[in-house]
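Asker: All chains should be modelled from the sequences, with the hints used to inform the complete structure.
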Amino acid sequence: MTQGKKILVVDDEPQLALAVKIRLQSRGYEVVTAHDGQQGLEVLEREKPDLVILDVLMPVMDGYSCLREINARLGRGKLPIIMLTARDRMKDLFELEGIEDYVVKPFDHEDLLMRIDRALKRCAEKRAPGTD
Amino acid sequence: MRESVPRAPIRLLLIEDSAGDARLIQEALKSDEALTFQVVWTQRLAFGLERLAHDSFDVILLDLSLPDSHGIATLLTVHAKAASIPIIVLTGLGDEQFALEAVQKGAQDYLEKASVQVDSRFLTRAIRYAIERKRAEHERLRLASFTEQNPHPIVETTLGGVVTYLNAAAREQFPDLDATEDHPILESMRAAAIHLQQTGGRSMTQEVVCGEQIFEQYISHVRELQAIQSYTVDITERKRAERMKDEFLSTVSHELRTPLAIMKEFIAILADQIAGPLTSGQQEYLGIVQSNINRLARIVNDLLDMAKIEAGRVVLDKGLVDVAAMLDGVAQSMRPLVEPKQIALEVQLPPTVPVLFADADKITQILLNLVHNAIKFTPGPGRVTLSVAERPDEIEFSVSDTGVGIAADDLPKLFEKFQQVNPVVSETGSKGTGLGLAISKRFVELHGGRLGVTSAPGQGSTFSFTLPTHHPEELFHEYFKAGIERAKREQGRFSIVVISVQDFQELKARFSVEETGRLLKELEATLQETVRSRQGGDVVVRWRRGAVVIVLAATDQAGARAMIGRITHAVGSRPFTVGSQAVTIPIVVTTATYPDEGKTEQELLRLAESRLAPSAKPKSRILVVDDEPKIRQFIKEVLELQDYEVTTAASGPDALQQLQRLRVDLILMDLMMPVMDGYEVSHLLREHPVTKDVPVIIVTAKGERKDRQLGLEGPTYNYLMKPFQIEELLAKVREVLHQSVVS
Numbered sequence: 001m002t003q004g005k006k007i008l009v010v011d012d013e014p015q016l017a018l019a020v021k022i023r024l025q026s027r028g029y030e031v032v033t034a035h036d037g038q039q040g041l042e043v044l045e046r047e048k049p050d051l052v053i054l055d056v057l058m059p060v061m062d063g064y065s066c067l068r069e070i071n072a073r074l075g076r077g078k079l080p081i082i083m084l085t086a087r088d089r090m091k092d093l094f095e096l097e098g099i100e101d102y103v104v105k106p107f108d109h110e111d112l113l114m115r116i117d118r119a120l121k122r123c124a125e126k127r128a129p130g131t132d
Numbered sequence: 001m002r003e004s005v006p007r008a009p010i011r012l013l014l015i016e017d018s019a020g021d022a023r024l025i026q027e028a029l030k031s032d033e034a035l036t037f038q039v040v041w042t043q044r045l046a047f048g049l050e051r052l053a054h055d056s057f058d059v060i061l062l063d064l065s066l067p068d069s070h071g072i073a074t075l076l077t078v079h080a081k082a083a084s085i086p087i088i089v090l091t092g093l094g095d096e097q098f099a100l101e102a103v104q105k106g107a108q109d110y111l112e113k114a115s116v117q118v119d120s121r122f123l124t125r126a127i128r129y130a131i132e133r134k135r136a137e138h139e140r141l142r143l144a145s146f147t148e149q150n151p152h153p154i155v156e157t158t159l160g161g162v163v164t165y166l167n168a169a170a171r172e173q174f175p176d177l178d179a180t181e182d183h184p185i186l187e188s189m190r191a192a193a194i195h196l197q198q199t200g201g202r203s204m205t206q207e208v209v210c211g212e213q214i215f216e217q218y219i220s221h222v223r224e225l226q227a228i229q230s231y232t233v234d235i236t237e238r239k240r241a242e243r244m245k246d247e248f249l250s251t252v253s254h255e256l257r258t259p260l261a262i263m264k265e266f267i268a269i270l271a272d273q274i275a276g277p278l279t280s281g282q283q284e285y286l287g288i289v290q291s292n293i294n295r296l297a298r299i300v301n302d303l304l305d306m307a308k309i310e311a312g313r314v315v316l317d318k319g320l321v322d323v324a325a326m327l328d329g330v331a332q333s334m335r336p337l338v339e340p341k342q343i344a345l346e347v348q349l350p351p352t353v354p355v356l357f358a359d360a361d362k363i364t365q366i367l368l369n370l371v372h373n374a375i376k377f378t379p380g381p382g383r384v385t386l387s388v389a390e391r392p393d394e395i396e397f398s399v400s401d402t403g404v405g406i407a408a409d410d411l412p413k414l415f416e417k418f419q420q421v422n423p424v425v426s427e428t429g430s431k432g433t434g435l436g437l438a439i440s441k442r443f444v445e446l447h448g449g450r451l452g453v454t455s456a457p458g459q460g461s462t463f464s465f466t467l468p469t470h471h472p473e474e475l476f477h478e479y480f481k482a483g484i485e486r487a488k489r490e491q492g493r494f495s496i497v498v499i500s501v502q503d504f505q506e507l508k509a510r511f512s513v514e515e516t517g518r519l520l521k522e523l524e525a526t527l528q529e530t531v532r533s534r535q536g537g538d539v540v541v542r543w544r545r546g547a548v549v550i551v552l553a554a555t556d557q558a559g560a561r562a563m564i565g566r567i568t569h570a571v572g573s574r575p576f577t578v579g580s581q582a583v584t585i586p587i588v589v590t591t592a593t594y595p596d597e598g599k600t601e602q603e604l605l606r607l608a609e610s611r612l613a614p615s616a617k618p619k620s621r622i623l624v625v626d627d628e629p630k631i632r633q634f635i636k637e638v639l640e641l642q643d644y645e646v647t648t649a650a651s652g653p654d655a656l657q658q659l660q661r662l663r664v665d666l667i668l669m670d671l672m673m674p675v676m677d678g679y680e681v682s683h684l685l686r687e688h689p690v691t692k693d694v695p696v697i698i699v700t701a702k703g704e705r706k707d708r709q710l711g712l713e714g715p716t717y718n719y720l721m722k723p724f725q726i727e728e729l730l731a732k733v734r735e736v737l738h739q740s741v742v743s
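For the record, the sequence lines run as chains A and B. In terms of this note's numbering, the first sequence opens at residue 1 and continues consecutively. In terms of this note's numbering, the second sequence opens at residue 1 and continues consecutively.
If you are wondering where the hints come from, they were derived from the structure by calculation, not from laboratory data. Even glycine gets a Cβ: it sits at the ideal position worked out from N, Cα and C. One or more of the hints may lead you astray.
Stated by the list, open to error - With a straight-line Cα cutoff of 20 Å, these simulated EDC-like cross-link-like pairs (lysine to aspartate or glutamate) come out: (1) Lys105(A) x Glu265(B); (2) Lys264(B) x Glu42(A); (3) Lys105(A) x Asp302(B).
As the list claims (entries may be wrong) - Quick list of the computed label-pair ranges, beta carbon to beta carbon: (4) Asp117(A) x Thr258(B): 37 to 47 Å; (5) Glu42(A) x Glu390(B): 55 to 65 Å; (6) Glu42(A) x Leu249(B): 49 to 59 Å; (7) Ala191(B) x Gln15(A): 12 to 22 Å; (8) Glu524(B) x Gln15(A): 14 to 24 Å; (9) Asp393(B) x Arg73(A): 53 to 63 Å; (10) Glu42(A) x Glu637(B): 48 to 58 Å; (11) Pro59(A) x Gln332(B): 33 to 43 Å.
Answerer: Listed below in structure tokens is the structure:
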């Protein structure tokens, strides 16, 4: 199921993004990374990922603006998005619509993998109604 | 006056060249019954000055014509040497002019020697007054110089805001104060003056921004002087330092945590052998690195927590806590530590666990700390037990171990900062910061609980803490309060969603009590699921008034509306069953949001409930007539919250115009309005057949009523005296509306 699924990881800490990439690759995902919201949108256009992991606090364009832009471009809820946030910024997420899930930093990678898996499954169900 | 003159002998320096006059004076002094004098007499100025240099005196009697000095120069010389001692100049007959000059130049008083001869009391009275006056003058000068020289700006104004005094610092720091009507310092004094006069308070403190500077302003209302005094301290630097410390803390937190997180991730990748297989030695060493990174992370977190606690910046983020799940989570995360040591980690729960309203993160942190300590000080094989017990009004968490225990002497030190007690048997290198227990204690206390320990060497230890629990009704209020407080703090929103089973009566009629109860339970479970699966939602269920479930969420109106959508969908798509019969439960959902719509829990609730099913009887319509827009709006809002329909008019003519096409049940009218006052309007209303029976509440100020109420009495007219409490207004409105329904 994970085979061939492409995930975009947007995080301003390149090494943290790399760690997530290695982790996800070890489970059979294809992973592309970007280091700010602006770059994230570019990679999104080019790579057409199946899921986006989006950090909230980033330079140039933060996670919120990036989320809004993705929603505007692709339509809300069309692409599953998992937000990454610091604990004390969680309240900001309450305002957000059109995200699939969120993970609080520092996160447990098993938890992240579980959420990715779940999000992709839900998305597949949505696309193929009746398989419920 | 007499009372305040010293009882001790008055030390008096008499400079008088005439031996006869000197004797006369000394005699006069002796004759006073109340006072005793210690007199030093010299005949020459030079001697007098010498005595002044060595002794202290309370008063000087000075003849101006001396062998070595003459005239006003004598006074000036003495005054220069002894400015703080009162001087009485002794004069001969006809020296009046001379004497007046002396007083202007610094003498306290003058006395004709001849008058002493007439009555000795002239002399002693003059001395007493001179000492007294000098003292008062001293006091005044001292206070004046404190005020004038104070490095902080001091400003005094009249109650009306006219500046009456500025000290040197104020003149320097606010050079334009006098000329600028709307100077922030004066503006805030004016506002404070109004506030203090209204509340009867004497003083208050506020912060004032003045260009680039921030001042703390202490303002007092000095009734005796009919004055407002302001004392300002420049706190710009302090504010900047506070901000810098906050920034520093958050920077440090971020800067230390990020590299730690990166290290942790990559070591985990290595340890999980994603990058390739490891020898058992390599695995072991990586394990050591991992445990030290975790230790470092804990230290960083502890230091930041302690810094926050000390700065008083810890804010509890309370919510409903699933105690069982929390304990499970704690036990789960500690498994890797207990297994290699052969320690059994047990969780003991009572059959029912009370609902806890607390900051889940902080409680988890406390539990992790206690369990971690227990494991650390328990040699394997052993046992660590995590248990919960319910007591009246509180819940007690305990962490017991079969470890080394703590000596009685060490027990009190345990909760102090940076204390490391009993590190004997702990595994090597596992010392922490010694902050964990101190932090835990503070977190428990912030919740209104207590943390304690019982232990003995070799007997293991039990750390227990209590947290207050709440009755369902209390919990509900707590939840509201916390939600509104959090929203205030974060300048966010707080919404409640109220769900009501439509036609609850019918549901109850169709099914038995048990069946209805089961259905409601199912409905509740569905709501819990729906709301909990999304962050930011929390469910506090309270069944009231024919099954209304209240769901609370930290979200704005848009979020609340989205929530309604989800709830409606979830409940609509779920098959509820009674026996084998499928049942649909029709529900009505509505929301209210802080602060846009209501500022208190009552307001929010009332508003949300009033928006549920349309009320059985039509709403009463009230016309509010007031020329003051703020009052008009305020009354409108208050009445709307009570579910009245409210229309407003800004003047009498406006009201009359509106009443031509609008039927109202009640008119609430201010008496004092320009153009046409409340009485005129009322008279006109009475002449019109449509409006003549509409009840009117006339809002009057004190003293306005008696002279003009003639002709406006009877059941249709009611009066409400300003200023009124909201409750009075509402009671009056209810009373009048009720009366008109009855009649």
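Asker: Confirm or reject each hint.
Answerer: Hints, verified against the model:
Taken as a hint, the lysine 105(A) and glutamate 265(B) pair is honoured in the structure, with Cα atoms around 12 Å apart against an allowance of 20 Å. Proximity of lysine 264(B) to glutamate 42(A) is assessed by CA-CA distance (about 30 Å); at most 20 Å being required, the pair is judged violated. Only pairs whose Cα atoms come within 20 Å are accepted, and lysine 105(A) paired with aspartate 302(B) is accepted, the gap being roughly 17 Å. Between aspartate 117(A) and threonine 258(B), the C-beta spacing of about 27 Å breaks the proposed range 37 to 47 Å.
Range check, glutamate 42(A) to glutamate 390(B): about 57 Å between beta-carbon atoms, so the 55 to 65 Å window is met. Distance hint check for glutamate 42(A) and leucine 249(B): the Cβ-Cβ separation is about 35 Å, which falls outside the suggested range of 49 to 59 Å. As the Cβ distance of alanine 191(B) to glutamine 15(A) is approximately 54 Å, the hint placing it in 12 to 22 Å is violated. Against the hinted window of 14 to 24 Å, the Cβ-Cβ separation of glutamate 524(B) and glutamine 15(A) comes to about 46 Å, which falls outside the hint.
Judged by the Cβ atoms, the range 53 to 63 Å given for aspartate 393(B) and arginine 73(A) holds: they are separated by roughly 55 Å. For the pair glutamate 42(A) and glutamate 637(B), the beta carbons lie near 50 Å from each other, so the given range of 48 to 58 Å is met. Between proline 59(A) and glutamine 332(B) the Cβ separation comes to about 36 Å, which falls inside the hinted range of 33 to 43 Å.
Checked against the numbered hints above, the structure violates hints 2, 4, 6, 7 and 8; every other hint is satisfied.
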